[in-house]
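Protein chains: 4
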Amino acid sequence: MESKKISIAILGASGYTGAELIRLLLAHPNANISVLTGDSKAGKHIGEVYPHLRFKNLPKLVSIEQVEFSGIDLVFCCLPHGTTQPIIAALPRHLRIIDLSADFRLHDVKSYAKWYGHEHQAVELQKNAVYGLTEQARDKIKTARLVANPGCYPTGSSLALMPLLASGLINSENIIIDSKSGVTGAGRSAKQDNLFTEINDGMKAYGISSHRHAPEIEQNLSSSCNKEITVTFTPHLIPMNRGILSTIYVHLSAGKSAADLRAKLIEVYDKERFVHIMPEGIAPSTHEVRGTNDCHISVFSDRIAGKAILVAAIDNLVKGASGQAIQNMNVMFGFPENTGLELTAVFP
Amino acid sequence: MESKKISIAILGASGYTGAELIRLLLAHPNANISVLTGDSKAGKHIGEVYPHLRFKNLPKLVSIEQVEFSGIDLVFCCLPHGTTQPIIAALPRHLRIIDLSADFRLHDVKSYAKWYGHEHQAVELQKNAVYGLTEQARDKIKTARLVANPGCYPTGSSLALMPLLASGLINSENIIIDSKSGVTGAGRSAKQDNLFTEINDGMKAYGISSHRHAPEIEQNLSSSCNKEITVTFTPHLIPMNRGILSTIYVHLSAGKSAADLRAKLIEVYDKERFVHIMPEGIAPSTHEVRGTNDCHISVFSDRIAGKAILVAAIDNLVKGASGQAIQNMNVMFGFPENTGLELTAVFP
Amino acid sequence: MESKKISIAILGASGYTGAELIRLLLAHPNANISVLTGDSKAGKHIGEVYPHLRFKNLPKLVSIEQVEFSGIDLVFCCLPHGTTQPIIAALPRHLRIIDLSADFRLHDVKSYAKWYGHEHQAVELQKNAVYGLTEQARDKIKTARLVANPGCYPTGSSLALMPLLASGLINSENIIIDSKSGVTGAGRSAKQDNLFTEINDGMKAYGISSHRHAPEIEQNLSSSCNKEITVTFTPHLIPMNRGILSTIYVHLSAGKSAADLRAKLIEVYDKERFVHIMPEGIAPSTHEVRGTNDCHISVFSDRIAGKAILVAAIDNLVKGASGQAIQNMNVMFGFPENTGLELTAVFP
Amino acid sequence: MESKKISIAILGASGYTGAELIRLLLAHPNANISVLTGDSKAGKHIGEVYPHLRFKNLPKLVSIEQVEFSGIDLVFCCLPHGTTQPIIAALPRHLRIIDLSADFRLHDVKSYAKWYGHEHQAVELQKNAVYGLTEQARDKIKTARLVANPGCYPTGSSLALMPLLASGLINSENIIIDSKSGVTGAGRSAKQDNLFTEINDGMKAYGISSHRHAPEIEQNLSSSCNKEITVTFTPHLIPMNRGILSTIYVHLSAGKSAADLRAKLIEVYDKERFVHIMPEGIAPSTHEVRGTNDCHISVFSDRIAGKAILVAAIDNLVKGASGQAIQNMNVMFGFPENTGLELTAVFP
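So the sequence lines, in the order shown, correspond to chains A, B, C and D.
Numbering-wise (numbering that gives the first Met the number 0), the first sequence opens with residue 0 and increments by one.
Numbering-wise (numbering that gives the first Met the number 0), the second sequence opens with residue 0 and increments by one.
Numbering-wise (numbering that gives the first Met the number 0), the third sequence opens with residue 0 and increments by one.
Numbering-wise (numbering that gives the first Met the number 0), the fourth sequence opens with residue 0 and increments by one.
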């Protein structure tokens, strides 16, 4: 198994999730990066697009049309939301695909149309897409052809909440997720709002009651307890590159305590390599997961009886995107799940 | 009135709130900074402690014992929490005092003892201290001898919530305040946790269910509606110098809408110089209040019926500390309330 | 004099220097901001472009064509380099103009053509433009119709070097200026290179041996000693919003010492309000001039005999742009030079 | 060879270089971290000191006195400068040692006494210590018992300059090194100057003409050309965690050009895994080496004939400290030099 190498194409390698895939795959013993596409940059070496990859042995960027897929085993699709469906639909059938866009995350194509503003263009594919929150869907991922890699905000909050809802320890109403994200979540396209000078030394909320990750979170939570769940979700933009910290407010089920929640999470994630429950009384920082595929979760009693506060921290580019994608790749191809992902946070 | 100048002593001038008072008072037409104390730095020019004040015409730092208070009109007390009570108790009776510490904020000395870990040492003074949230207590502040200047977290959240509770527009239960603060809130003392390298490019929650500003917020909210209110309050530390953004989750009273809340806040703050209600659909950023005494507040409908989300932004060192202190000074001494506080945010 | 108010138009108010002019002019007792132009934003309130100006009483943005200049006394021109010449050439003759672009800085139109890639389009105007490094050209500025406001890099380095060259204390050869700038110097246009994520937590040199401020610095230095001077100039981009720190390496004239340099600078700037020579052995930080019109300069002996090191710090948006522009306005209109510019740094 | 594992003790693991050693050694196939010492933290798990190491399988911190060295092969010494000599002198003879402090870097004990303020306390050991700039001293390092790991500033500048001096391409006089460092270089001890609030959004020069890395740089440069060299060296503190960028100004030898310098560096470092010469006209950023053991070097012509500008970028904690230490370990123990160091920069 160790020596088996799969041949990988990354479509849309010039975005941040593409670059992060490259960083992680370069250290993965079973991965060969065979193809990188970047339509507007076709013909360039990736090092001209990402100086930190300048001295790496990597293929040149090509356009998707130029790709010979016959020797490829796995495609990571890092294209912008909304552009991905026809491209994936047109890929040869032998390919397995991990899509890092939002295009195949929502099972309900009506919900997709509502939140993304256009009809879904690959409804048949959507039916067979597996939502790739690895810890929750490992078995389906193993055999999936198309994995819809989870969004950054949904990953941390779902890992914290799904086991609690599944076990009935918390109320399915009144869940509030207050999330704080680093700026890489906004991607690499040049926007005035994301200039250093506009972000540095200040912060704001955005997408209040209207962020597209809300229905994705709700789909996850609802599926965990077979109940329609609506959450309050507020994202914030923090002057840091990486990291999402979600502070989650929940109502306990009758007779339950924060300690029960903590015990459940410890039980559920006991064998997991990437999800860690913090010692009692200690809250995680995004610093301690920077550059890693880890999710650190804390549980606190509120001062108000019957309520609890959860805090979940991830690196949005790793567990919230490219790291989880590779975790899914490991599951799909039978590699030990932590292969290439035994990372220590880059701190300080 | 214009030409009247009052003589001011700042006790504990070597902390950040002291330095910020100096910055603002240097531009105040009715203020003479006559005395600066800094016990461990006595004998130095403040410019040796704060390089940005090096070329300002300011008195040398002295110890409190060295101060001749007879010519002083007003004392700003910027000493550490817990050390202030005996010092203020010993001040000559002619002095008016604005205390920026937490020492006189909690009316209930039992609550003080519980949250601060020792008995209150100036109970008689406490009885007459006026809590100085200017917009809410202007009349009492006018004649107060001792004003307890509000804490940074309580200022923004109380300004947003008090009118809504007073008018019965929101439920007094289930109020959640998720606050994000710049690092100046932690003061200038040398702590490993607050090193640049430990804070930069990451964030965390802290003081979950245990922060001392919770009882202060609750005192404010309770007083606004004559009901005992307990809130869920979670502070976070953000890699920025200044600013507090509080995202506040409330349940609406029956039949009320976010628009009602917004209308009420507009009505209440219509004439206020420093509190501004944002246009519908626009959330404030801490950038836009940096360096100013302003508080910007937004109201949003939640996607869940019966709930709303408020966002309040201030500069913790200005409206959350030294600016509000000067606003209170203006009220106490009959200067127009905006004197010296007509500031434009330093952006970018 | 106090009560006299001049009527001001800011052309190109939607850039950072425009916004900074507004911040400073709002606090200037002799200034009325009458006109703001912003071609692509015409019709909007400036608060839609700059949230920190949302609640200020300011005129709407208009296009330059819409401006009625008859009641205007002074125009600040904040338009992009290269676009300014025809616009200024077409302005009514009664207007006095301070141009913050580079368009009229280089006296030699051949040098302009070489560095800016096109012929100068207002050669006659150029002849009468006064280069507005206030401390060096006060008398000419008084009566100038058109002032070319200095660039950010040239301001600090020229203030440090010109008196030393003029007095023959340093060698006119082997001058090296290693400058570090905040990101506001790059303006507000949306470029991938200036995204938060690309700048944060790292730094680089740029424009090595090719930056357009080199000939401007050389023009200043040459004029101070009537000798053709060429300098080595390397700018760097630092993850901070504001500030330029220039570290300058010079060879001393025979028999001269760093102490001689320091004494000369103290003598020359003794009466100046904005240029301060640091105490011996203390280097300035950009923190201590943030938001102010000040320039702080230090002189150090090198360990190598015959050499010295100067360090000069300014805020690039204030003394390096909009603050110096207002200083020039004060000179032109006979207001005390420090009017509206008695600022204390916003620290921390 | 692959399977050989050496047993490692890290003395002073609670500093940043200790933590970085742990991060890198955890991914090193030939390393067992057997002992971690941290005197004031003895008895704690390293995860209590460094949250990002909380869930790693690592030994508890012990005091040096508690260490049983018999099974240890290699000691990394990360103790503070000045405290290291007696401790290393007392270590059992079978141990090989890589010292990350400055204690054994200066061959000349008189120079040590002058710069560090006390007599060297292990003069005999000093005689046999090998200065571990790997690319320059590989052969000696192989057999060394004690390697003095280079300082952060000397590493980048020496790699750029030594081959040029050795080959006579540049003048040995008039070398100026203007270096910009991230704040991790200042270590983890709690100092007011290094608080986030004091560093963020600004910068300064420090240690002008007096930094202890100057004699170390001079020792390296002098040794490369058998000539006594003195340099001008100015360090600066930049608001970023990691990275050193050195901008180096040199005079060319008669008839030589920047292209000659570049060609020489390409030739010298052609086979090196960690030192890369940038394409012509492109300057490195610290972003592109963050978290890696790489050194990126550029050469530019100055506009002034006969001069050139070099730019060298490293991560001060990796190639400037712990990464180079592991590179030296690999050389000492016969592992391929890049083992455990094939890292991709963590960008963005």
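No wet-lab data here; the hints were simulated from the structure.
Please note that the accuracy of each hint is not assured.
If chains are identical, the list can't say which one is meant, so a pair holds when it fits in one copy or spans any two.
[Said to hold, decoys possible] Result set (DSS-like, lysine-lysine): computed pairs, CA atoms no more than 30 Å apart in a straight line:
1) Lys55 - Lys190
2) Lys190 - Lys139
3) Lys113 - Lys255
4) Lys226 - Lys190
How the hints compare with the structure:
1. Taking the closest pair of Cα atoms, Lys55 and Lys190 come within 30 Å of each other both inside a single copy (29 Å) and across two copies (26 Å).
2. Neither within a single protomer nor between protomers do Lys190 and Lys139 lie at most 30 Å apart by alpha-carbon distance, with minima of 38 Å and 42 Å respectively.
3. For a Cα distance limit of 30 Å, the shortest separation of Lys113 from Lys255 across copies, 27 Å, qualifies, whereas the shortest one inside one copy, 37 Å, does not.
4. When the C-alpha separation of Lys226 and Lys190 is checked against a cutoff of 30 Å, the pair qualifies neither within a copy, at 39 Å, nor between copies, at 45 Å.
Hint check: violations occur at hints 2 and 4; the rest are consistent with the structure.
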